[in-house]
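Using the sequences and the accompanying hints, generate a full structural model.
Each chain, letter by letter, is given below.
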Amino acid sequence: MTTLVVKDQDPYGHGIGGWLSHVGAVIGALPGTYRRELTIHRRRTVLLTVLVILLVTYPILNKLFLAEFSRTTFPLPLPDDTVVTFMMIFGIMAIGLNIVAGFAGLLDLGYVAFYALGAYTAAFLASPHWDSVSIVFLANVAPGFPGIHLPFWIIVPIAILVAGTFGALLGAPTLRLRGDYLAIVTLGFGEIVPVVFRNLADVTFNFSLGPISINAQHLNLTGGSLGINPIDAPYLPFTNLVFNASSGYAPVYLGMFLLVIAILFARNLERSRIGRAWMAIREDELAAEMMGVNTIRTKLLAFALGASFAGVAGSLQASYLGATTSDFFTFSTSILVLIMVILGGIGNIWGVLLGAIALTYVDKTFLPYIGQQVQQIAPSFPNPAQFNFLLFGLILVAMMRFRPEGFLPNRQRAAELAAHTQADVEAKVDEIVAVDAEAEVEASIAEDPGIGLDNLGPPPGQAEASGDARAPETTDEEREL
Amino acid sequence: MDQVIQTFIIGLSNGLIFALVALGYTLVYGIIELINFAHGDLFMTGSMMAFFLISVTFKLTPATEPVTMIAVILLVIAAVMVATAAINVAIERVAYRPLRNAPKLAPLISAIGMSFVLQNIANLLAGPANKSIDNLFPTTNLLSAFGITAIAVNFQQAFVAVVTIPLLIALTWFVDKTRQGRAMRATAQDPDTAGLMGVDVNRTIALTFLIGGALAGAAGVVQILYNNVTVYNLGFRFGLNAFTSAVLGGIGNLRGAVVGALVLGQINAFSDRYISANWTNAIVFAVLIGVLVFKPTGLLGQQLADRA
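For the protein sequence lines, the chains are A and B, in the order given. 325 is the number that this note's numbering gives to position 310 of the first sequence; each next residue is one higher, with no gaps. 146 is the number that this note's numbering gives to position 85 of the second sequence; each next residue is one higher, with no gaps.
Quick caveat, the hints were computed from the structure, so don't treat them as lab data. Keep in mind that a hint or two might mislead.
What the hints assert, rightly or not - Straight-line alpha carbon distances no greater than 35 Å define the calculated DSBU-like cross-link-like pairs of lysine-lysine that follow:
(1) B:K192 <-> A:K379
(2) B:K165 <-> A:K379
(3) B:K238 <-> B:K356
(4) B:K238 <-> B:K165
(5) B:K356 <-> B:K165
To be verified - DEER-style ranges, computed between Cβ atoms:
(6) B:S193 <-> A:R312: 51 to 59 Å
(7) B:N289 <-> A:Q390: 27 to 35 Å
(8) B:Y335 <-> A:S223: 18 to 26 Å
(9) A:F222 <-> B:T125: 54 to 62 Å
(10) B:N289 <-> A:L76: 54 to 62 Å
(11) A:R312 <-> B:V117: 53 to 61 Å
(12) A:N244 <-> B:N289: 34 to 42 Å
(13) B:N263 <-> A:R193: 21 to 29 Å
(14) A:P394 <-> B:F235: 49 to 57 Å
All C-beta atoms in this analysis are idealised placements derived from N, C-alpha and C, irrespective of residue type, glycine included.
Structural data, given as structure tokens:
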């Protein structure tokens, strides 16, 4: 239902340039948007502002006094810089998986493969691993040092390309499969990739074809089960700023920077022609195809773009930790990201972000803390931190049964999940659209007449209030209907 | 050549155990189109129970009288089959039945959750270390009675065949010939119509889980007596092997699951022997992906109702 759209829907042109100018326009209009929001939804905007400021300054506050405060007076532990950095990494992953599973409705159980590909991209391009060559470019190592040392800022785009390419390669033959078969194929891929990285530590082969002859003896391609370390930490060229585990809250802001770009990118994708095509496929693939959506191409794009987010997260993780091994990339990590997406609200960027933050906190701060307490009281009792996946498994079962749409649901998705028949779905979507149309009229009356609503889209944070008007997908919905 | 035959025999034993688990996948998929992700972990639960019954409760050792040993092993098989069948029915009731009308991926996600739950309960109760028992069977080569010494078939491999083959035959008979089996086939074909024809659909689905669970339990007992070791996360790898078998043979197709399991058992054995055990998992997954992508109906053709 979503493809018969007006041709000139994208005033900024196509490709990266168009996207950048779009982002520029959004940022340029932020003050106006903010003022408008402040007049329309005063309380919510103030609350959100305070929340954003708190989140952004959290690492500094934590260093200044919060950590001390939580140790002495506050009953619950607060996440430290490492945990917050991982919140950012998992946030990027959850947003990426949300593109595949939330927007396009394709269950990817092997998402960790792309995370691994990102991590190993960083490991290959910024470490002494290839010690027979020496390529040092804008890196924090002395010239002539063995190995390839490229800066993080070049590795990230490469990781995006690598992960995206593999996403497309995996997607190409598999996307015609039924949903559950696709899930199993992705699971298989997710298991094969770490096995390949683990096993290619000692490769001997002879290859000759006419004049070409390659002869390799005991080639260590991937570092085997030991993995690759040390990996160069991200580093701001021409400064002393290094982002590794021992540089305090600096990596948190690096992660936050990448996360904000990921959010902007995902939100723009969601409201683009492709984003609407994804949702159309998710709701009814056959109908979408009838309406002219190229389903294979659209699903491939979802796979490739979703994978590229994991590539970014992986390269950040490996560079930040300074090491990578195939053991990091297990099925349970794929499922952890899936739980973040489901818990937060599949299809809603803000929801999955909340899921990522909450679950990383539980996994890396809360459970270890409880474990410590339990160990003090009863040393023989099993440590709860080792049984995190017992809790996560129960969460999955309970969420599917009681709240499949998650805690911050995407309304359209919630309607699909709650509805048991096609007629129900249609009735609910109609209802939502009707409510939105009404609210939109009200909103446009209150609105500053100089600002075109369609070009700007809603300001950040708007989709969080689920009862509110003009969440992006329904704006589009309404325009098209 | 002897080596090839020896590998084939190992593959055959692997395949027979896979078959018992694969039948659970294929029965459930055939009837409610759910990849019962927790099934492999149910199998692991069975092997854990067998471990405790054999080594803690009954304290079987290689020195135990043969008659007592056979009686105890039969008792353990029966007890574990009852227990895993009950667990599987309970899981269906709690985690899958409420989602029967939900989108198809919802019960799959619920099953993944159940898989982690079973795995971690085993980890909690038994600990993360490998659990091993002594080999209870004599190590003599059964073929030496016929004057063959180059190839060995030991008691363990014979035991696998003695337990699994009757179960496979019994299951086929049950599904093909009994009234309940007919209800299962009818429900698999079209649950709504089956319901209208007087089949109690919920009860039939529960029965399917009961049978699948019992077979997984039997496979668990056979597994620990054959390999002498189990561990809490055994189910993931084993379950995927079994699921691959089911898909390879054509999901929903009982004979297909057995054929697929026998083929996959050989793939496992030959890969372990001639490539490297490190690559076996990757090869199995490659087979799974290959079958799903190029021949999703499997070797013998799937038997599913074409529900839109």
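Verification of the hints:
The suggested pairing of B:K192 with A:K379 holds, with an alpha-carbon distance near 29 Å, which does not exceed 35 Å. Annotation: proposed proximity of B:K165 to A:K379 holds, straight-line Cα distance about 32 Å (limit 35 Å). Of the supplied pair hints, the one linking B:K238 and B:K356 holds, its CA atoms being roughly 30 Å apart against a limit of 35 Å. Between B:K238 and B:K165, the direct Cα distance comes to roughly 31 Å. Compliance with the 35 Å bound is thereby established for this hinted pair.
About 22 Å separates the Cα atoms of B:K356 and B:K165, which keeps this hinted pair within 35 Å; it holds. With their beta carbons about 52 Å apart, B:S193 and A:R312 fall inside the hinted range of 51 to 59 Å. Look at B:N289 against A:Q390: about 33 Å separates their beta carbons, and that is inside 27 to 35 Å. Between B:Y335 and A:S223 the beta carbons are some 24 Å apart, a value that agrees with the proposed interval 18 to 26 Å.
Between A:F222 and B:T125 the beta carbon distance is about 57 Å. The supplied range of 54 to 62 Å therefore holds. For B:N289 and A:L76, the Cβ-Cβ distance of about 56 Å falls inside the hinted range of 54 to 62 Å, so the restraint holds. Checked against the hint of 53 to 61 Å, the C-beta distance between A:R312 and B:V117 comes to roughly 59 Å, which is consistent with it. The hinted window of 34 to 42 Å between A:N244 and B:N289 holds, with their beta carbons roughly 37 Å apart.
Restraint check, B:N263 to A:R193: a C-beta distance of roughly 25 Å satisfies the suggested window 21 to 29 Å. Between A:P394 and B:F235 the beta carbons are some 51 Å apart, a value that agrees with the proposed interval 49 to 57 Å.
Violated hints are absent here; each numbered hint is respected by the structure.
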